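*Asks:* Spelled out from the first residue to the last, the chains are:
Protein chains: 4
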Amino acid sequence: MIKAGIIGATGYAGAELVRLLLGHKEAEIVWYGSRSYVDQSYASIYQNMFQLVDATCMDDNMEELAAQADVIFTATPQGLCASLINEKILSGTKVIDLSADFRLKDVSVYEEWYKIKHQAPQYLEEAVYGLCEINREKIKTARLVANPGCYPTCSTLSIYPLAKEGLIDLSTLIIDAKSGTSGAGRGAKTDNLYCEVNENIKAYGVAGHRHTPEIEEQLGYASGEKVTLNFTPHLVPMNRGILITAYASLKKDVAYSDVKAVYDKYYEKERFVRVLPENVCPQTRWVEGSNYVDVNFKIDPRTNRIIMMGAMDNLVKGAAGQAVQNMNLLFGLDEAEGLYHAPMFP
Amino acid sequence: MIKAGIIGATGYAGAELVRLLLGHKEAEIVWYGSRSYVDQSYASIYQNMFQLVDATCMDDNMEELAAQADVIFTATPQGLCASLINEKILSGTKVIDLSADFRLKDVSVYEEWYKIKHQAPQYLEEAVYGLCEINREKIKTARLVANPGCYPTCSTLSIYPLAKEGLIDLSTLIIDAKSGTSGAGRGAKTDNLYCEVNENIKAYGVAGHRHTPEIEEQLGYASGEKVTLNFTPHLVPMNRGILITAYASLKKDVAYSDVKAVYDKYYEKERFVRVLPENVCPQTRWVEGSNYVDVNFKIDPRTNRIIMMGAMDNLVKGAAGQAVQNMNLLFGLDEAEGLYHAPMFP
Amino acid sequence: MIKAGIIGATGYAGAELVRLLLGHKEAEIVWYGSRSYVDQSYASIYQNMFQLVDATCMDDNMEELAAQADVIFTATPQGLCASLINEKILSGTKVIDLSADFRLKDVSVYEEWYKIKHQAPQYLEEAVYGLCEINREKIKTARLVANPGCYPTCSTLSIYPLAKEGLIDLSTLIIDAKSGTSGAGRGAKTDNLYCEVNENIKAYGVAGHRHTPEIEEQLGYASGEKVTLNFTPHLVPMNRGILITAYASLKKDVAYSDVKAVYDKYYEKERFVRVLPENVCPQTRWVEGSNYVDVNFKIDPRTNRIIMMGAMDNLVKGAAGQAVQNMNLLFGLDEAEGLYHAPMFP
Amino acid sequence: MIKAGIIGATGYAGAELVRLLLGHKEAEIVWYGSRSYVDQSYASIYQNMFQLVDATCMDDNMEELAAQADVIFTATPQGLCASLINEKILSGTKVIDLSADFRLKDVSVYEEWYKIKHQAPQYLEEAVYGLCEINREKIKTARLVANPGCYPTCSTLSIYPLAKEGLIDLSTLIIDAKSGTSGAGRGAKTDNLYCEVNENIKAYGVAGHRHTPEIEEQLGYASGEKVTLNFTPHLVPMNRGILITAYASLKKDVAYSDVKAVYDKYYEKERFVRVLPENVCPQTRWVEGSNYVDVNFKIDPRTNRIIMMGAMDNLVKGAAGQAVQNMNLLFGLDEAEGLYHAPMFP
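Chains as they are written, first to last, in numbering that gives the first Met the number 0: chain L, 0 to 345; chain V, 0 to 345; chain U, 0 to 345; chain X, 0 to 345.
So here's chain L without its partners, still in its complex pose (with noise of 0.2 Å):
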């Protein structure tokens, strides 16, 4: 059995990490992390894990927590797996950070976007950006995972075979984003309490968000060229889901089948990805609760443009399950162990 730790585990995406390696049959968690918590018993703060979880939480020693354990999972606010991590942990025990401190490759502009000093750039080199699909084979021998962003996850593999085939101009890119609440965390604030969210729908980070320079680097990989995008997100009433809607001008002359054909090269034998019918829209419901993304496409003749959908859970295939992904890669597992769970409707 793998030990595994975890160190945000009262977070909405710590908490969707206990759920799914409660399922994981190779895998025991046996540290509940949480600074807020320390000391008090796990299933008072979440009682949907009555029974089901027998310990008290812990601080977020993260020397001692390495020491047993086989992977560590930090779903922290950003800077804190940077400010912990060092080379003793490194050496005996596999990192997956589900924050954003080991996802951009070039410290400036993450610290221009986080507006925090890295404290551990001399890692970011080594870090692998853990989206599965893409990064499979150097996730496995990978010490150190930087788990996606959920926008950027749900966003690059929508994008990603077209960018990477050179049928869309990247400089027209623009990726218009809607997350449901989950995504903004249990933090206790005004603006995310239930007469604040209900019945309405907002932008916000509007050509700001600190997921742009993620995506941009990761469609940049993909095409080999700089991209620079608009990514503007909004939050939506509802507890759980990401759908992006994307807009592209077409380089060439295409119909259905051959971008059809595009991205069933890449995801046909992928089992998390789902390209849907022709016509059929990616919905967040059909993948709630699952590590599914569901993507498709629409060209519009009158305007040369491809619209790019996709729909995921944004506390599963958008944190904890890639999460689970990446450490089943990591230790040589079946990569879908612990995620086999069907889309849950309605």
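FYI, nobody ran anything at the bench for these hints, they're computed from the structure.
A hint or two may mislead.
Which copy is meant is left open, because identical chains are indistinguishable; a pair holds if it fits in one copy or across any two.
Claimed, not checked - Dumping the calculated DSS-like pairs for lysine-lysine here, alpha-carbon to alpha-carbon at most 25 Å: (1) LYS163 <-> LYS250; (2) LYS251 <-> LYS225; (3) LYS24 <-> LYS268; (4) LYS297 <-> LYS114; (5) LYS250 <-> LYS225; (6) LYS225 <-> LYS114.
Everything numeric in this text was worked out from a predicted model, so none of it was measured.
Using the hints, position chains V, U and X against chain L.
*Replies:* Showing chains V, U and X alone in chain L's frame:
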């Protein structure tokens, strides 16, 4: 592998059966019955099952289905199962009926509350009421299981220990129930439109809901007396979940620990009934997607009443999950097979 | 023009007062009090008021406010109004307190249930309980009006005629209440986050909610006897609305028409209480945004109980609307001025 | 008093017209048309109107209605108004059509996008597009007003000043729109059931929504050039509200203050268009129940694009409110009569 057939596979309860059986190690679905969608791809109706279910919808030819299946689930409107069932079917196949056709032993009570003539009263005596925690042994040898209603499951399990042990005056029993909207089914009715349900709560079926006699019958067996009670359901703007709040006068002077001991006596070893810690109220979010029923109680010394509470997912323990639990009992499997899911939150 | 000041103008009830008073022909707001946002533009907190309110938030200096205003609304936490009020203020200004400070006549009951020492018990006798339909005449000449709680308003109005006329056995009375989340206020608490409230229903304050003695006192006045009852509130995933479902045994053998006549006797001429047609259940959506309370009842001959139901907007008739109605009474205006809005649906 | 008749009074837009006209000082409703509910009490369909509307539903005999009314609102499916209208009706009565029948000047565009043969193309030239802020003077003297679609109202008003002043390259324009579910109407369709819409977001009508040519036509008038754009609507789990997020490349090097000045030039004196302060994003909750459109923009120097945003209540400014605003213009009243409501929050 147990071969399972579902009649009514495109209703919400039927679709939940599909979800649960897909994760069941000892069963496979051989028949996706849906009169409304015959010959259509199941995954085109329930897109969450895209690439997971590769089957088309079948009609409700129960005899032909019986020839292929070891167990038939009927997740259909009242009256259909009774109209189709016969000795030939029952002689070779187990039947788990999710409708109300075989829940009430007294045919006149059925016909009075459901306004339908019963087509197969000869099986009422034989049918076993499939409330697993109460009738476990009888279920194991049954041919025909009457899967309990959603409200009766939550109500009966929340009240049963106190009724059985004679702690409450059942003539004072009042059950105020609240349900998510999936309980209303997938039929296209104005009353169930998003805009009609959202931002609204209402009572319905006041003093006349058809689950009333079912609860009365079960609590009557527990207490050994005839029970007449008030049951008022309410429609809540959420997809899943049932909460019941029940009120009764205490017959004895009891302390918290006395009542807790009574609940523990019946449920301590039950996997799917969780008696919560003192002063912790059941909430539907903590059981969502799982087969758990969370129960608890509060004594009010000012009025000498006890308030009993229970929360459950109406589509799982209130329908499909309990049906799978019954199937497991019928076939001698681990009672929790296919039902290991931890509740999903948020 | 009546000059009105609001202390607590940035809570949900205070903000609703602002909305209603903006549409009131005889009143203008001269003081937007909000300790948390002093000196900030009101419209920057409540952006719906952009270009409609051009004022900055003031502190809670009640004496200074009294010098400027004809009426003061205190929409503040328990204890604040009692700590600020004095003879000087009351000698020149009407005060309508939306907190619980002056609702209960017995100071010991207040201190027991609210766990606060009362700072101005000398005004308890004088204060008038501002349930307009019951205490209309007394309100007209009051200096200090205790605006009723949300649950007590809906509960009392739904039950009052039957209590007054002696039709029900009040020792059997049980009130099961359901409220939207705005009733929990705008404080930044984890429990009230969108993801915690959405897709959930729970009871809270079971056998101990502070509105219990308030309802008991009012129904005691109606019936002339001491009333002890069960009151259980539940939190519902919606912004606005309260529904109460109340149960009591009938003391007489009555028909529908008898009970209807009793309700009509008290409410036929009331503008804001609507006795619905037979068999039509109150629903919160039908009163949203308005000052109406919809009530109805159902007799259950099987149990000899009557089920009483009431629906109301907790922020209007349950708080700000009733406060405006009280203001209208205090100043001899049309009782409905500023409250003409038809309910908004959907 | 203006006598108003409504055809289609039981749809959501028609019901909102009823709500608004009930609060209008110069108008009274003389005809509640509803083919589906002829002879039924209006308040039995829309219970919020109990005791407020004492009328039964009428058929859609437009000639008879014209004899009784000064103005007719048609809140009906596409094609109905065109099939009923004639010279006799128009000679004595003003008609405000909330359907799309007279919005597009080019009958072939109408027939191509709506897949309906137009029954009264002879009135297309005469009909005035009722976007009050743009066509105010023409509306005042019209006989037939084509009330704009919900998406086109929000889109056009958000983009109009920049199109008019030539600041943006309209060939790059992309509009990503999000709407509450009342926009889908009150028809009983599975897709609009609570459980299907709740916890979900999806795009629909991608590259083919019928509001596309309407927006193109209006922005074409503004800019003096032919406009072809992408418009993608999404369904959001909320009752009311439309948010649009639009993207276009800037044609000039402009600063925030330049663009702000352009918006102010067109909207500073407009009562119902609010240009928000810098960096404040429009949110649907801040306009709910009101006739306001909140607009704002953000310049992205990285991509040289401008992001334009607008929020509005689809049933008010997007339908019934704008229709009343048009009626006020037609009859020489204060343009805001009946539309004074402040937005309701929460």
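*Asks:* Which of the listed hints are not met by the structure?
*Replies:* The structure conflicts with no hint, since it agrees with every one listed earlier.
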